[in-house]
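Got chain E sorted already, so can you dock chain V onto it with the hints?
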Amino acid sequence: MSHWGFVLAAYALAAVVLVGYWRWVERGLRALEDRAPSRW
Amino acid sequence: MPRALGPLAGLLLVLGVAAALGWAPPDAVQGHVQRIMYLHVPAILTAYVAILVVLVASVAYLRSRRPGWDHLAAASAELAVCFIGLAIATGSIWGKPTWGTWWTWDARLTSTALLFVIYLGYLLLRSVVEDPERAATYAAVVGILGALDVPIIHFSVQWWRTLHQPATVLRPQAPTMDPTMLAVLLLNVVAFLGVFAYLAGRRYRLLTLAAGAAGRS
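For the record, the sequence lines run as chains E and V. For any residue, its number in my numbering is found by taking its place in the first sequence, counting from 1, and adding 37. For any residue, its number in my numbering is found by taking its place in the second sequence, counting from 1, and adding 130.
For the record, the hints were derived by calculation from the structure and aren't laboratory data. Glycine is no exception: its CB is placed at the ideal position from the N, C-alpha and C atoms. Among the clues, some could well be false.
[To be verified] Partial pick of chain V residues on the chain E-facing surface, computed with a CB cut under 8 Å: (1) LEU142; (2) VAL144; (3) VAL147; (4) HIS162; (5) ILE218; (6) ALA219; (7) TRP229; (8) ARG333; (9) LEU339.
[What the hints assert, rightly or not] Which bits of chain V does chain E cover? Going by a derived footprint, with three or more residues having C-beta under 8 Å, they are: (10) 171-181; (11) 323-332.
Chain E with its partners taken away, still in its complex shape (with noise of 0.2 Å):
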């Protein structure tokens, strides 16, 4: 048995949930960094 093809979706699922909500994240701190950069 092979099955490489489920191993790389299941690691390529992960990569872009993991990668998504890092950059979501970085995005929304960036915008408040930017919007208040005096107070923080």
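Using the frame of chain E, we list chain V on its own:
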């Protein structure tokens, strides 16, 4: 949060994935598809840790009413949902070629799906209750009660007849896994925990900044 945590967690994750896809030997019975274990097990263990943080932070919030504890609980709950979702999805992808089905209403899978729904509800509750203090209080109660499902998930494979295999790592006896496989698995567990710590720290900062901008830090 140490500045090096992000790059270190990222490096560990890259090494962990490379080891999982290259260095670790294929399973004697399942072949290469068993490599999904190096994602699936760290994802659910990290989710358990995230829920432990939600539990501790929620209790601390209810006792102290300090917003910082609520922000920590919220950040961890969000990541718990991500990691539970990943564990369910990777388990499903692993289940199709090995069990012959994407999903079955087995005790381990069902109790894990319930955990996912509980913490999804936690996040939904936070978004629908307008008063931040009431939202934090309700969420803390859900966060604490939801954590009761974790021991049910863990022991489900002993309490009921299930398709899912028994515990391999978190059990009283030493793991019987091949040493190389165990080393790669532990490397990925550490990498996932590092990623969780980094992302939770960043999300905590975002929630604190947002509360400050809204005048309720």
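message: To test your reading of the hints: which numbers does this structure violate?
response: Per hint list: 1, 2, 5, 7, 10 violated.
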